[in-house]
Every structure is written in structure tokens, then in C-alpha cells.
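**Student:** Sequences listed follow chains A and W, in order. The first sequence maps to residues 211 to 532 in the numbering used here. The second sequence maps to residues 211 to 532 in the numbering used here.
It cannot be assumed that every hint is accurate.
Any copy, or any two copies together, can satisfy a pair, since identical chains are not distinguished.
Unchecked claim - The list that follows gives simulated cross-link-like pairs (lysine to any residue, SDA-like), each with its CA atoms no further than 25 Å apart:
id, residue 1, residue 2
1, Lys-424, Asp-473
2, Lys-400, Arg-377
3, Lys-400, Ala-261
4, Lys-417, His-314
5, Lys-382, Glu-262
6, Lys-417, Asp-462
7, Lys-505, Ile-345
8, Lys-382, Val-258
9, Lys-296, Arg-428
10, Lys-417, Arg-263
11, Lys-400, Ala-293
12, Lys-382, Pro-425
13, Lys-400, Arg-263
14, Lys-424, Glu-509
15, Lys-382, Lys-400
16, Lys-358, Pro-304
17, Lys-356, Asp-303
18, Lys-358, Arg-323
19, Lys-400, Asp-251
20, Lys-382, Pro-405
21, Lys-291, Phe-528
22, Lys-296, Arg-359
23, Lys-301, Lys-311
24, Lys-525, Ala-244
25, Lys-356, Phe-418
No lab work stands behind these hints: they were computed from the structure. If you're wondering where the values come from, they're calculated on a predicted model, not measured in any experiment.
Number of protein chains: 2
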Amino acid sequence: MKFFLSLLLLVSSAAWAQVLPSWNESEAKARIVAFVQAVSDKKSKDYVRPAERIAVFDNDGTLWAEQPLYFQFVFMLDQVKAAAPKHPEWKDDPVFQALAKQNHEALAKLGQRPVLELLGQANSGMTVGEYDGTIRGWLAKARHPKFKRPYTDLVYKPMQELLAYLRANGFKTFIVSGGSVEFMRPWAEKAYGIPPEQIVGSQQEVKFEMQDGKPVLRRGPNFVFVDDGPGKPVGIYRQIGRRPIAAFGNSDGDLQMLQVTADGPGQRLALIVHHDDAEREFAYDRASHIGKLDKAWDEAKARNWVVVSMKSDWKRIFSFDK
Amino acid sequence: MKFFLSLLLLVSSAAWAQVLPSWNESEAKARIVAFVQAVSDKKSKDYVRPAERIAVFDNDGTLWAEQPLYFQFVFMLDQVKAAAPKHPEWKDDPVFQALAKQNHEALAKLGQRPVLELLGQANSGMTVGEYDGTIRGWLAKARHPKFKRPYTDLVYKPMQELLAYLRANGFKTFIVSGGSVEFMRPWAEKAYGIPPEQIVGSQQEVKFEMQDGKPVLRRGPNFVFVDDGPGKPVGIYRQIGRRPIAAFGNSDGDLQMLQVTADGPGQRLALIVHHDDAEREFAYDRASHIGKLDKAWDEAKARNWVVVSMKSDWKRIFSFDK
């Protein structure tokens with residue numbers, strides 16, 4: 211038995227060179243690996259028991275792409291168009307106008323909340339099963355305008371490796387996203403290894419009712435929780451119930467989640483993905499309407515958080531990159 | 211390797227006789243074991259992959275005792291008394307009157323919601339850390355009026371065994387309780403092996419704010435979600451995101467959770483704990499104000515759900531029973 215354990219340790223040591231293969235040997239990678247070793251080594255002063263090794267990941271712009279428009283907003287367009295004949299009152303609604311005209315700038319200025327609220331109206335009345343079917347159908351057919359691929363192909367390979375690496379070291383990984391839980395549940399398990407019960411997101415009202423003697427859950431028109439900005443630590447508190455020791459984001463919407471994570475005792479990892487690769491993906495930060503990185507960037511510099519350059523820290527961005 | 215696997219299988223077979231040792235060899239136990247075998251045997255037509263083996267447990271009256279008054283309500287008494295001087299408007303409030311006079315019948319008639327709302331006001335303004343400290347302090351000192359023991363001693367040994375047995379067979383176990391998440395998180399991991407992120411419960415509003423340059427979460431006065439009755443399937447949908455295949459309850463507040471679980475395809479386990487042991491615990495059902503079992507009992511009979519008699523199916527109820 212002892213022999214096998216020693217062998218296992220040797221294999222692990224040899225495997226260090228292999229961890230995070232899509233990451234260049236940069237400071238960012240070194241700091242990630244050093245953090246993981248510090249909290250998972252029982253002899254370390256910063257050791258954290260596995261149950262407390264909670265890692266939270268923003269989704270849009272952190273685990274998959276978000277340009278030229280949050281993918282859930284693209285989905286909404288079809289939903290809202292389909293529902294428009296039933297809602298004559300939308301004709302003069304600025305959110306509907308911005309969506310119908312695909313006016314990204316206007317949409318971005320409006321912010322996530324009013325757009326989510328219009329989506330809420332568009333898909334209310336469905337059972338949760340019907341809504342799930344609608345999302346799966348859209349994801350199967352829709353293609354990204356730049357990459358001409360299914361949206362679910364646009365997950366970041368280096369982040370998939372990071373998720374797996376953390377789990378291999380006893381972490382429990384969660385998504386904490388401004389998007390709706392329903393939009394992530396159908397594919398997050400396959401893409402990220404994250405099951406539905408580890409997804410924290412925005413929530414629309416849902417009601418129990420009996421329909422022809424069968425229990426169903428039906429969607430109402432209102433959002434009951436928007437998991438963005440200061441909402442993210444609240445979502446984490448409600449659903450996870452403990453403070454994460456590692457948080458990963460890319461925009462000002464992740465600032466408070468990163469602050470709460472970094473503020474705990476012991477070693478903490480707060481990391482921001484910086485979109486600076488216009489060729490392989492997109493380049494945007496302070497001036498962007500989608501995924502604006504401004505205050506969180508200043509905070510990252512002031513507090514020495516890890517900032518990942520997609521251009522220089524990642525060997526490849528997507529699985530389909532060479 | 212193969213030899214070790216075979217040995218393991220032999221051990222497992224021999225261990226069947228040992229499962230659920232605090233349960234008598236009754237129909238209830240046989241049906242539980244048959245269900246678990248059917249969904250976890252790869253050759254079974256009812257096989258369910260581990261990721262979908264979700265089991266949900268009510269807490270009060272199902273995993274621990276709830277008489278003569280929900281333990282969280284007892285905790286509230288102290289909270290509300292301490293806060294009363296700051297709330298002169300409570301003097302004429304029927305909920306406050308019922309709490310202050312420990313009028314269990316009046317409290318039970320009022321139902322869980324208004325009582326939770328008063329608690330909400332009593333503990334609003336605290337940070338979540340301060341509130342957690344208050345609960346832990348109370349749990350350490352408080353003693354049950356009948357058993358003269360800490361409330362956390364009053365967990366049911368047969369249910370602890372059932373939780374462990376399900377997990378040993380690949381299930382993920384969740385609490386789905388009408389009580390507040392904060393009241394269960396401090397002790398559920400030790401008592402039940404259920405971590406905070408697998409507890410679904412009632413939720414009071416919480417807000418992010420910066421206090422002296424540090425991020426804190428502060429409690430507001432209102433409940434934003436009551437996880438009881440028709441709220442339970444909603445809580446499950448929001449936080450777990452898939453339909454459970456096994457559900458365990460004891461009262462009408464669990465009816466809709468049991469209905470949704472039982473209504474799915476394949477084999478399902480819906481189980482009700484019946485409190486019929488006045489000597490070792492308490493005996494109550496249709497006429498009780500706390501943990502009323504009336505409609506759910508009729509439904510259990512009509513649909514052939516498993517009904518556990520605490521008196522005849524359980525060898526012992528608490529760990530401290532002989």
C-alpha cells in the first residue's frame with residue numbers, strides 16, 4: 211500500500227509540469243499553482259480543509275465569450291420577437307426597440323436588469339420544462355457571428371483546465387453569473403464539469419401548480435433575484451453559504467464577489483481575465499459596454515490580484531484553436 | 211486489481227445485512243433498500259446515473275424533532291425578547307404576544323410565515339457573521355424541555371444512517387426545510403454530513419455594503435423566500451436545478467415536494483415519517499398544529515408512498531436511546 215502511495219506522489223510531482231497545459235509559464239500560472247499548493251498541502255500554514263475549498267467563477271467573459279453581445283441576450287432576441295405579437299405595449303419600449311434593432315450600444319447602456327425583465331415577460335407562462343426545451347433548441351441551432359460556431363464551442367480551454375485542476379485538488383467549483391440559471395444548466399456540466407446545483411445565477415419567479423392532476427412549475431414574469439455586481443456575494447451567501455477562497459471574473463460586475471473572496475483570512479486567490487486579444491477573441495476593457503473592466507481593474511492593481519492577459523498568458527483560447 | 215474488486219463486492223454483499231442497523235426488518239426498510247439497489251445497479255432497467263441521484267430531506271420532524279415547538283421558534287423567543295425594547299410597535303402584535311406568552315397553539319395557528327417575519331425584524335441590521343454567532347451561541351446553551359439535552363442531540367439516528375447509506379450509493383443529499391438556512395448551516399454538516407451548499411431553506415434579505423473599507427453582508431427585515439409547502443419544489447428548482455428521485459418528509463408542508471419527486475419517470479422513493487411514539491418521542495398527526503400530517507398522509511395512502519412508523523420501524527430514535 212505504502213509503495214503505491216509513494217508512486218502516486220511521484221506521479222503527481224512529475225505531473226506538475228503538465229498542469230494547465232494551455233497556459234504559458236507566466237506569473238499568472240505560477241501564482242495559481244502556488245496558491246493551490248499552499249491551501250491543499252496539510253503541512254502548509256495556509257492549509258484549508260477540502261470542504262472549505264470553494265471556488266467561484268463568473269461565466270460571461272470568464273469561462274466563455276461574451277462579445278459582441280451576452281449570448282443570453284442574443285437568445286432573448288428570438289424569444290422577444292416570437293412573443294412581440296402578444297405584447298403590443300412593447301412597441302414604444304426602449305428595451306424592445308434596442309433588442310429589435312440589435313442596437314448593442316443602447317442595450318449595453320440600458321444594463322442587464324431591464325433587458326432581463328423584458329425577457330422575463332417574453333417567456334413567462336411557460337412551464338420550466340418547456341423553457342428548458344426552448345433554450346436547448348436555440349443552443350443547438352444558433353451560431354456565433356464571428357466564429358460561425360455553436361455558442362457552446364466558445365468556452366475557454368485554459369479555464370476548463372483550471373476548473374479541472376482545482377477539482378483535482380479538492381476544490382468544489384461553482385458558477386456565479388449574472389445570467390439566468392436556466393440558460394447555463396443545459397450545458398455547464400459537459401462544458402465545465404459543473405452540475406446544475408453548483409450554478410448561482412439570476413432567478414425569475416416560478417410557481418408550483420397542479421395541471422391535469424400533475425405537479426408543474428410555471429414561470430412568472432418577474433425576476434426575483436439579479437445575480438450581478440453587489441448581488442453576487444448575496445447569491446453566494448444564499449446558495450453556497452460559505453465564503454469562497456478563490457474567485458475568477460473579468461468585469462466590474464465581479465468586483466464585489468472578488469472583494470468578499472479576497473477579504474477572508476489566510477491565502478486567497480482573486481483573478482481577473484483581461485480581454486486583450488483582438489485577433490484570437492476580442493479586445494476590450496474600460497470603454498466597453500459589454501464586460502466593462504474599469505473599477506475592478508483598478509482594484510486588482512491596488513490589491514495585487516492576478517490579472518491574466520489572454521494574449522500573452524494563454525497558448526490557445528478555444529479548443530478549436532491550433 | 212481484479213482480485214481486490216471482487217473482494218470489495220463480496221464485502222458489500224455481506225454488508226447488506228448491516229445497512230440501516232437502527233431500522234427493524236420491516237416493509238419500510240425493504241422498500242428503501244430495493245429502491246436504492248434498483249437505481250444504482252447498472253444492469254437494472256431503473257438505473258440512474260450518480261449525478262441524477264438527488265435525495266431531498268425535510269428537516270423539522272423528518273431529520274430531527276420539532277415538538278413541542280419548531281426549535282427555530284424557540285430560538286426566536288430569545289431573539290424577539292432581546293429586540294422588544296427597540297420595537298414598541300410589537301406590543302399589540304398578535305405574533306409577538308403569542309411568542310412572548312409561549313402560546314404554542316396561537317403560534318401554530320398563525321403559521322410559519324408571520325412568525326418568520328417577526329424574527330426577520332428582530333434580527334435585521336446584523337451582519338451575517340454576527341447572526342451566525344448568535345445562533346451558535348444559542349445552540350450551545352439551549353436545552354430541550356422534555357429531553358433536557360442540546361437541540362442538536364435530537365437528530366434521528368435511523369435518518370442519519372439513511373443519509374449515509376444513500377451517499378454510500380452515489381446519492382447527493384440535500385435538506386429542503388421551511389426553516390432559515392442560517393439556523394441549519396452551523397451544525398448540519400456534523401449531524402447529517404450535509405454541507406451548507408446543500409441546504410435549501412427560507413431566506414431573509416441580505417445586502418452587500420462596505421463598512422470601514424471592508425465588504426460585509428447585512429441582514430434586512432424581510433423574508434424573500436419561504437421554503438414551505440408549494441415553496442419547496444420552487445426552492446429545489448432554484449437551488450438544485452433538477453428533480454429529485456427520492457424525497458423524505460413528515461407533514462403537509464412536504465406534500466408538494468413529495469408530489470414533484472414521485473411524479474418523475476422511473477423508480478421514485480417518496481417517504482413519510484409518522485410520529486406515533488409518544489414514549490420515546492412524540493405522537494401527533496392530523497390534529498397537530500406543529501408538523502400537521504393530514505393531506506400528505508391521505509396522498510401517501512392513495513399513491514402507496516412509504517410510511518415509516520417511528521414506533522415499530524425504528525429500533526431507536528436518538529443516538530442516546532439504549
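**Student:** Of the numbered hints stated previously, which ones are contradicted by the structure, given in increasing order?
**Tutor:** Those not satisfied are hints 4, 7, 11, 16, 17, 18, 21, 22, 25.
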